[in-house]
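**Student:** The lines below spell out each chain.
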Amino acid sequence: MNKLLVVDKLGKHFGGIVANEDISFHLDAGQIVGLIGPNGAGKTTLFNCIAGFYPPSEGTIRFLGNDITGMPSPKMAHMGIARTFQIVRSFGSMTVLENVMVGAMLRNKSVSIAHERASDELEFCGLSSRASVPASDLTVAEQRRLEVARALATEPHLLLLDEMMAGLTPSEVQEAVGLVKTIQKRGIACLIVEHVMEGIMPIADHMIVLDYGRKIAEGTPAEISCDPVVLAAYLGE
Amino acid sequence: MTPKQRNTLIVSGMGFALVLPFIVSNPSHQNYLILVLMFAQIGVAWNILGGYVGQVSLGHVAFFGIGAYTSTVLLVSVGLSPWIGMLIGGVVAAFFGLLIGWICFRFKGHYFTMATIAVAEILQVLFTNWEGVGGAVGLYVPLDQQGWWAMVFNSKLPYYYIALGLFTVTLLANWAIEKSFLGYYFRAIKDDPEAARSLGVSLTDYKLVAIAISSFFAALGGSFYAQKELFIDPGSVLVTSLSIKMSLVTILGGIGSLFGPLVGSVLLTGIEEATRQILGGSGMGIDLIIYATIIIAVAIYYPTGILGWAKRFLRRGKKAEDGA
Numbered sequence: 001m002n003k004l005l006v007v008d009k010l011g012k013h014f015g016g017i018v019a020n021e022d023i024s025f026h027l028d029a030g031q032i033v034g035l036i037g038p039n040g041a042g043k044t045t046l047f048n049c050i051a052g053f054y055p056p057s058e059g060t061i062r063f064l065g066n067d068i069t070g071m072p073s074p075k076m077a078h079m080g081i082a083r084t085f086q087i088v089r090s091f092g093s094m095t096v097l098e099n100v101m102v103g104a105m106l107r108n109k110s111v112s113i114a115h116e117r118a119s120d121e122l123e124f125c126g127l128s129s130r131a132s133v134p135a136s137d138l139t140v141a142e143q144r145r146l147e148v149a150r151a152l153a154t155e156p157h158l159l160l161l162d163e164m165m166a167g168l169t170p171s172e173v174q175e176a177v178g179l180v181k182t183i184q185k186r187g188i189a190c191l192i193v194e195h196v197m198e199g200i201m202p203i204a205d206h207m208i209v210l211d212y213g214r215k216i217a218e219g220t221p222a223e224i225s226c227d228p229v230v231l232a233a234y235l236g237e
Numbered sequence: 238m239t240p241k242q243r244n245t246l247i248v249s250g251m252g253f254a255l256v257l258p259f260i261v262s263n264p265s266h267q268n269y270l271i272l273v274l275m276f277a278q279i280g281v282a283w284n285i286l287g288g289y290v291g292q293v294s295l296g297h298v299a300f301f302g303i304g305a306y307t308s309t310v311l312l313v314s315v316g317l318s319p320w321i322g323m324l325i326g327g328v329v330a331a332f333f334g335l336l337i338g339w340i341c342f343r344f345k346g347h348y349f350t351m352a353t354i355a356v357a358e359i360l361q362v363l364f365t366n367w368e369g370v371g372g373a374v375g376l377y378v379p380l381d382q383q384g385w386w387a388m389v390f391n392s393k394l395p396y397y398y399i400a401l402g403l404f405t406v407t408l409l410a411n412w413a414i415e416k417s418f419l420g421y422y423f424r425a426i427k428d429d430p431e432a433a434r435s436l437g438v439s440l441t442d443y444k445l446v447a448i449a450i451s452s453f454f455a456a457l458g459g460s461f462y463a464q465k466e467l468f469i470d471p472g473s474v475l476v477t478s479l480s481i482k483m484s485l486v487t488i489l490g491g492i493g494s495l496f497g498p499l500v501g502s503v504l505l506t507g508i509e510e511a512t513r514q515i516l517g518g519s520g521m522g523i524d525l526i527i528y529a530t531i532i533i534a535v536a537i538y539y540p541t542g543i544l545g546w547a548k549r550f551l552r553r554g555k556k557a558e559d560g561a
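Line by line, the protein sequences are chains A and B. 1 is the number of the first residue of the first sequence in our numbering; add one for each residue after it. 238 is the number of the first residue of the second sequence in our numbering; add one for each residue after it.
Please note that the accuracy of each hint is not assured.
Unchecked claim - Dumping the calculated SDA-like pairs for lysine to any residue here, alpha-carbon to alpha-carbon at most 20 Å:
no. : chain 1 : residue 1 : chain 2 : residue 2
1   : B       : LYS416    : A       : SER110
2   : A       : LYS109    : B       : LYS427
3   : B       : LYS427    : A       : PHE53
4   : A       : LYS75     : B       : PRO430
5   : B       : LYS548    : A       : THR95
6   : B       : LYS548    : A       : GLY92
7   : B       : LYS427    : B       : THR405
8   : A       : LYS75     : B       : LYS416
9   : B       : LYS416    : A       : PHE53
10  : B       : LYS427    : A       : VAL18
Honestly, the hints are just simulated from the structure, not real lab data.
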């Protein structure tokens with residue numbers, strides 16, 4: 001299997017506070033990897049380092065064989081890494097379609113081609129009927145799907161999903177699970193930070209568990225769900 | 238409004254603008270029309286950076302002044318036609334804009350605005366003390382040559398058509414930007430810079446594109462002003478109040494919209510001229526009080542400007558019709 005993303009001995013400090021330390025893992029093309037851990041475990045910090053939102057303090061990140069450590073996020077997008085945000089960040093003054101067009105313009109600056117590509121992605125994410133609505137009028141579940149559509153429009157190899165299921169109803173979680181599965185069918189790998197276990201466990205090929213900024217376990221969902229170290233971290237001893 | 242209705246409105250508006258100076262023959266009223274178009278034109282220029290990208294500059298007079306000084310200095314020293322001087326001034330201002338942007342875009346939000354004010358103030362002091370370009374005394378446009386090539390006329394009429402032409406060209410450029418990917422990127426940067434970055438939009442690159450275009454067109458307005466007034470000095474073409482007016486016509490009319498600056502300019506220039514004429518020179522600043530009251534009222538009740546309010550009003554009317 002060719003390794004898409006390789007994170008090696010990654011560390012991130014904010015002043016004296018260690019948010020991530022000595023984290024290593026890799027992700028294969030087309031794979032779904034879940035990143036879990038208790039609150040404050042450093043999931044979002046790790047996620048933001050990979051997305052280029054801040055440079056890591058130590059270690060390297062390699063993507064498709066290139067060293068991308070510390071690369072700013074616009075360059076990451078060009079390389080083929082797209083992300084969504086935990087707190088949705090849609091372009092409020094634009095319609096749903098226009099939001100996705102901004103993503104599509106990364107690969108082609110023609111407005112009409114971006115229009116076509118964006119319509120396809122909205123169809124894929126089940127938002128076609130909302131295309132001409134201002135993005136600020138969407139429900140939370142719809143805004144999350146809009147973020148996914150916008151990220152997909154940049155034609156990524158790797159999609160970073162930051163708690164896309166937080167605050168959704170059980171049926172909306174099932175829709176989100178279905179969406180991630182169809183994204184995988186397109187050959188796009190997903191790294192998913194998630195708190196909603198019933199959302200991530202059935203779809204992840206591989207799980208990484210963080211606690212206190214360190215990787216404490218990894219393996220298939222079945223393996224980590226009976227790992228005593230993981231159980232101790234979640235339930236306390 | 239359907240596209241067809243909009244096109245009809247634009248074409249009839251343009252036709253109206255072409256015959257207007259024959260209806261309004263009083264030179265002082267014609268002067269008012271020229272001012273409306275001039276402020277609308279520099280408002281559109283300001284809007285490209287301030288309205289679309291959301292980078293509020295209160296030092297745009299620097300570019301206006303560079304335009305005015307470049308064309309006038311070239312005319313006085315080597316007798317170059319202001320038409321060519323105007324374009325050179327635009328290019329000089331665009332490069333100056335890139336330099337200012339490269340420095341000032343490091344500051345976010347209000348700090349960017351404050352930095353632009355500082356730049357304009359520095360430029361005003363610099364030009365006041367620069368004897369080579371007239372210093373505090375200023376520069377006169379030579380009157381030995383008249384006509385289209387020299388852009389000097391006895392009547393107001395040609396100035397009106399030049400102002401209309403400049404306004405139209407600037408508006409067309411803005412329209413082309415709005416329709417292209419640049420328009421989408423600009424609005425994305427304004428709405429949510431971090432999200433825009435995550436989609437591959439380099440903030441600095443596109444802000445620099447915007448400031449270069451914006452300062453180019455602001456400089457064209459400056460050259461025109463010099464030819465219309467036939468005299469420039471730091472107190473007239475590098476003065477802070479002009480920066481504020483560029484932004485005000487846009488904010489009042491409708492920020493980030495194509496025709497916002499025109500609507501704002503008609504109103505703002507109108508209020509200015511009317512209060513000045515009614516209250517006279519002895520108005521003691523009452524015109525400014527009225528002026529400020531209207532701006533405060535718009536900011537409170539119609540934060541999207543007059544055009545934003547009109548759009549909502551039209552939509553509501555349409556909904557009522559559909560309901561009935």
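**Student:** Quick one: which hint numbers does this structure break? Sort them smallest to largest.
**Tutor:** Violated: hints 7, 8, 9 and 10.
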